[in-house]
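Please build the complete structure, drawing on both the sequences and the hints.
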Amino acid sequence: MPNDRIAKLGRGQVALFVGTAKGMFVLRSRADRESWTVSGPAFAGEQVASLALDPRDGRLYVASQSWHWGTTIRTSDDLGATWSDPASSVLKFPEDTGLAMQQVWQIQPGRASEPGVVYAGVAPAALFRSADRGASWEMVRGLHEHPHRERWMPGFGGLCLHTIVPDPARPERMTVAISAAGVYRTDDGGATWQARNTGVRAQFLPDPHPEFGQCVHKIVQHPRRPDTLFLQNHWGLYRSDDGGDSWRDIARGVPSDFGFCMAIHPHDPDVVYIVPLESDGYRCTPEGRLRVYRTRDGGGKWEALGEGLPQANAHETVLRDAMCTDALNPAGIYFGTRSGKVYASADGGAHWRCAVDGLPQVLCVRAVYLGDPARAAVGPAARAARTARAAKPASRTKRAPAAKKRTARAARPPQAAPKRAASRS
Amino acid sequence: MSGTERSARLRVFLPQGLRPFAGGAATVEWEQPEAPLSEVLMALWERHPALRDRIFSEDGRWRPHVRMFVGSEDVRWTGDLATRVPEGAEITIVPAVSGG
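Protein sequences appear in the order of chains A and B. Taking our numbering, I'd label the letters of the first sequence as residues 103 to 527. Taking our numbering, I'd label the letters of the second sequence as residues 9 to 108.
Since the hints were derived computationally from the structure, they do not count as laboratory data. Keep in mind the model is a prediction, meaning the values are calculated, not measured. Note that beta-carbon positions come from the ideal geometry of N, C-alpha and C, so glycine has one too. Be aware that a few hints might be false.
Quick partial rundown of chain B residues pointing at chain A, CB under 7 Å, derived from the structure [said to hold, decoys possible]:
{"hint": "1", "residue": "Gly25"}
{"hint": "2", "residue": "Pro28"}
{"hint": "3", "residue": "Pro44"}
{"hint": "4", "residue": "Glu54"}
Chain A is nowhere near these chain B residues, computed Cβ spacing over 10 Å in every case [as the list claims (entries may be wrong)]:
{"hint": "5", "residue": "Glu37"}
{"hint": "6", "residue": "Leu45"}
{"hint": "7", "residue": "Arg84"}
Written as structure tokens, this is what we have:
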């Protein structure tokens with residue numbers, strides 16, 4: 103199925119896929135990430151709460167949800183120009199469960215060592231696995247049959263499995279997060295799962311440290327240090343250095359430890375980003391100021407990043423999957439708000455620009471550089487070169503045809519080599 | 009149907025959002041004797057299996073924001089899936105006026 107609302111992407115561009123309450127938009131920019139062009143929506147009127155670009159083969163996965171007709175996962179091998187038949191991939195609970203699919207909250211490509219494997223986290227809380235690049239899906243029974251399941255309680259957004267963290271080093275290990283059940287981990291490829299919430303509080307319960315029942319909002323992991331996990335909780339910021347066996351509080355220097363989103367720097371496992379919200383009652387940025395907080399020492403301390411972000415009358419909310427990074431250096435950091443704004447930083451969060459304002463409610467963002475990030479024209483040297491070219495009109499005119507040819511070349515999704523091309527959040 | 013009888017053709021009108029699940033068709037029609045709506049829908053699923061998952065969830069529940077009419081009558085008021093669908097009837101499936 104063609105979709106002529108999505109502009110074709112070219113090599114050397116950064117693409118930011120934005121899932122909203124009313125469809126998916128695509129923002130694109132040069133590698134300098136200084137200005138953005140918007141196209142879309144794809145799947146107009148349908149909610150896109152999760153999407154993923156598979157760095158192994160370039161396939162784009164989008165879960166679109168119609169209020170009327172339910173959910174399906176569509177795929178595209180040309181970055182959104184054409185899409186699979188929506189009838190071909192429908193996630194369904196097995197009949198014996200008596201459950202019905204409500205929403206896909208997370209799509210997570212598998213490890214490099216398991217080609218074709220993709221995972222999906224859904225509501226009601228369950229994990230699905232596809233071994234054929236999304237053509238068919240099977241529920242992971244080991245988690246569904248966990249004895250805790252009947253006592254899991256839904257959070258405000260429903261009982262959902264929203265975060266999937268495959269361990270890159272140990273193929274039998276995977277961590278998931280469920281609201282409001284907490285963290286669960288398997289060490290045997292999904293056959294059995296154990297609660298991993300020691301140290302994470304559930305202050306909305308009479309016993310604030312139960313075995314399970316925590317409302318975890320997001321977990322991130324850096325592939326170079328898989329035993330270290332960072333966790334944004336429904337009240338609480340935590341770090342684990344033993345793969346989730348235990349957690350310690352790292353909420354020092356933040357205006358609130360409530361929030362939803364969390365992203366880790368693509369090149370530095372000690373750098374993590376969050377957007378604190380005032381409280382679970384208000385769920386907006388404190389003091390009407392939109393600030394990203396960053397730790398550069400693995401949670402020892404946090405610093406506010408507000409350069410370029412509105413610092414008055416900005417009562418914004420950033421949802422759990424509405425923050426991501428790209429693989430460039432300096433790294434791009436992105437987030438979208440419930441009010442439909444998308445902000446981008448091309449320097450690891452030091453400075454921000456509003457890339458677009460006026461989209462529907464932003465639910466998720468994912469960024470990718472179309473090419474080899476190591477060869478991208480970014481940083482001060484590239485900026486100086488562009489400035490020099492701009493100062494020589496004759497030279498620029500001569501180069502125009504070649505530049506146009508490069509831009510017009512059909513974009514291919516990143517494949518195989520640029521493993522780091524797709525962002526994690 | 010019997011080989012000696014010939015039924016009038018039943019027509020099912022699909023809204024825009026369902027057409028991708030029926031090969032792009034706006035209308036599906038076939039010869040169908042009078043039958044309960046449940047049987048008619050089974051015949052529709054045989055022709056376009058993906059439609060079933062859009063109109064019913066996998067737990068067998070009719071999706072709450074989907075309306076079906078036989079002629080101009082909303083079947084919610086005429087017996088739901090037991091509604092009799094006469095030969096040559098027209099069934100219209102529409103999204104309810106809902107959503108955010």
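Going through the hints against the structure:
no.	hint	in the structure
1	Gly25	holds, 6 Å
2	Pro28	holds, 5 Å
3	Pro44	violated, 23 Å
4	Glu54	violated, 14 Å
5	Glu37	holds, 20 Å
6	Leu45	holds, 19 Å
7	Arg84	holds, 15 Å
Hints 3, 4, counting from the list given before, are not met by this structure.
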